[in-house]
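Asks: Keeping their order, the protein sequence lines are chains E and G. First residue of the first sequence: 0, per numbering that gives the first Met the number 0; consecutive thereafter. First residue of the second sequence: 0, per numbering that gives the first Met the number 0; consecutive thereafter.
No lab work stands behind these hints, which were simulated from the structure alone. The structure presented is a predicted model; accordingly, all values stated were derived computationally and were not measured. Beta carbons are placed, not taken as given, at the ideal position from N, Cα and C, and that holds for glycine. It is possible that part of the hints are untrue.
Straight-line alpha carbon distances no greater than 25 Å define the calculated DMTMM-like cross-link-like pairs of lysine to aspartate or glutamate that follow [claimed, not checked]:
1. G:LYS168 - G:GLU222
2. G:LYS65 - E:ASP15
3. G:LYS390 - E:ASP15
Now the in silico label distances, taken between C-beta atoms and shown as ranges [stated by the list, open to error]:
4. G:GLN30 - E:GLU45: 28 to 36 Å
5. E:ASN19 - G:ASN76: 55 to 63 Å
6. E:THR59 - G:ASN56: 48 to 56 Å
7. G:ARG357 - E:ALA11: 52 to 60 Å
8. G:CYS81 - E:ILE47: 26 to 34 Å
9. G:GLN350 - E:ALA11: 20 to 28 Å
10. G:ASP115 - E:THR59: 49 to 57 Å
11. E:ILE47 - G:GLU57: 41 to 49 Å
12. G:ASN291 - E:LEU16: 33 to 41 Å
13. G:ASN291 - E:ASN1: 49 to 57 Å
On the chain E side, residues computed to face chain G include the following (Cβ under 8 Å) [said to hold, decoys possible]:
14. PRO17
15. THR39
16. PHE42
17. ASN49
18. GLU52
19. SER56
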Amino acid sequence: MNIQLWLQEKIAEETDLPINEILFDVEFTDFNMDSLAILTITFDLESILNIEEIDPSIFTEYNTINKLTTWIENHQK
Amino acid sequence: MDRKSSKIIWNPFTKGYFQNPYEHLKDCREQNPIHIGSHNAWMFFRHDDISRILRSNEYSVSDLSKYFEEKESYIFNNSNACPYLASGTKKWPMYLNGSDHKNVRAIMGKSFKEFDLPSILTSAIDSLHQSYQKDSDLDLVDYCALFIYFVTKQFLNFDDDISLKRIKKYSNLLAISQDIYIPKQIYQKINSELIWGKGIFSNSSYKNNIIKISNELNLDYSEDDIDSITAISLMASFETSKDSLSVALLEIMKHPELIDYVLECDTKSLNILIEELFRFSSPLQYTVRINNKDLNIDNINIPKNSKLYLSIASANRDPNAFSDPDKIIIDRKPNDHLAFGGGAHFCLGAQIARQEMRYCLKPMIQFLKNYKIDTSKELKWSRQIFMRTIKSIPLTSSAKKLVSING
């Protein structure tokens, strides 16, 4: 599965922004995602990656699709 | 105080937190007792601070129903569900201030007085032990849940065809509605439960009594308001009682000397032990207050109208308030624990919870002394922050001996 594309689609769905505005190197705060939207994406991430208890604060530390994808790839190994 | 400092920051995703939150809470209390946690809100850990805040008039409670009102358009975006989170939680007294709070408390308090609790509890214990007589395997959480089910069934008078399994799911999702770190997928499930739960009380004398009392008090409550009160009545009487009883029995069964003590002690000593078990288990681990004025504590400025998360679990293990706080001290006195909160929002069901323990501990331990905790299996705790819940406590099986003796 392409994590970048999955995140892009998911963020577009949760923010109601057009998908072509969800760029891989733009910070999540620019998409106006509140904490509830981040939790909602984290919940789906846990189930598709089969990782338990993902700390939602990774969205603050790895705050773009590209950075978060790197984090996910490292944790899948 | 910020994330870049080297001081510890409260974060329930710290490794091992859900299995045992107390180590992380101790670190927070000792190293950084007032700070902004990982959820970007203020956290308090010391008994002194929390006790003072709970008992002061200068703080309000946060409004859960209003939070849902603001979030419902997002939660139900592209969904066919009927949004009911805000309505379903509108009359939950722990989230109400002023006259709203006073009125719901008056209704619930009055309705509680009309029950013969001792006879309900005695008959629930009888039914419980009849259900278990022939079983050799036993799960302590299921055992506690069945007991509380028998109690709440009589107390709240819900329909016979509503099973324990169904009540457990309903009560747990309502408890989770108050937690933090909840995604919209779970809120959608909670919404369905709240709507389903309106049917639980269709023939309930408890509900009729709530309507009668609210009419006597001249409160113009809608059907949804009444349903909101019956929903919180069930969650509060089922979930917290099940949780505190499970942990209390678990701790007693871990310590053989406590088993003997419970069986032999007099009523006064038992009551002192029960308070200690409430302190130790703290089923409600956090509560929230809003400061009506700017605050300055320990030279930390907190602007007014901030959300303050008070860790009751930490306060109840604070060595400045309790010597040897991680041990159950059978005759601990004084015991100024905060398991039931404090001040205007002191737990409405505290006396019921105490009575439950007073009536059930001796007969339950008498029954359970023939069992042992199955140490081959790790105890699993739910991923819940505000209300700590253990999923399962398997017990083995000197129970087989019991069956042959009885049978």
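Asks: Now look at each hint and say whether the structure bears it out.
Replies: Here's how the hints hold up against the structure:
Restraint check: the Cα-Cα separation between LYS168 of chain G and GLU222 of chain G comes to about 23 Å, which is no more than 25 Å; the hinted pair holds. For the suggested pair LYS65 of chain G and ASP15 of chain E, the alpha carbons sit about 23 Å apart, so the restraint of at most 25 Å is met. At most 25 Å may separate the alpha-carbon atoms for a hinted pair to count; LYS390 of chain G and ASP15 of chain E exceed this at roughly 38 Å. The hinted window of 28 to 36 Å between GLN30 of chain G and GLU45 of chain E holds, with their beta carbons roughly 30 Å apart.
Under the hint 55 to 63 Å, the C-beta atoms of ASN19 of chain E and ASN76 of chain G, about 20 Å apart, miss the expected range. For the pair THR59 of chain E and ASN56 of chain G, the supplied restraint of 48 to 56 Å is violated, since their beta-carbon distance comes to about 36 Å. Taking the beta carbon of each, ARG357 of chain G and ALA11 of chain E are about 57 Å apart, inside 52 to 60 Å as hinted. Taking the beta carbon of each, CYS81 of chain G and ILE47 of chain E are about 29 Å apart, inside 26 to 34 Å as hinted.
Separation of GLN350 of chain G from ALA11 of chain E is about 52 Å and departs from the stated range, judged on CB atoms against 20 to 28 Å. In this structure the supplied range 49 to 57 Å holds for ASP115 of chain G paired with THR59 of chain E, their Cβ-Cβ distance being about 54 Å. For ILE47 of chain E and GLU57 of chain G, the hinted distance range of 41 to 49 Å is satisfied, since their beta carbons lie about 46 Å from each other. The beta-carbon spacing between ASN291 of chain G and LEU16 of chain E, approximately 38 Å, falls within the hinted interval of 33 to 41 Å.
The hinted range of 49 to 57 Å is satisfied by ASN291 of chain G and ASN1 of chain E, whose Cβ atoms lie roughly 50 Å apart. Because the beta carbon of PRO17 of chain E sits about 16 Å from the nearest beta carbon in chain G, more than 8 Å, this interface hint is broken. Interface hint status for THR39 of chain E: upheld, as the beta-carbon distance to the closest one in chain G is roughly 4 Å, under 8 Å. Restraint check, PHE42 of chain E versus chain G: the minimum CB separation of about 4 Å is within 8 Å; hint holds.
Hint on ASN49 of chain E is violated. Least Cβ distance to chain G is approximately 15 Å, over the 8 Å limit. With a cut of 8 Å, the hint placing GLU52 of chain E at the interface with chain G holds, because the nearest CB-to-CB distance is about 6 Å. Taken as an interface hint, SER56 of chain E checks out: its beta carbon lies about 5 Å from the nearest beta carbon of chain G, inside 8 Å.
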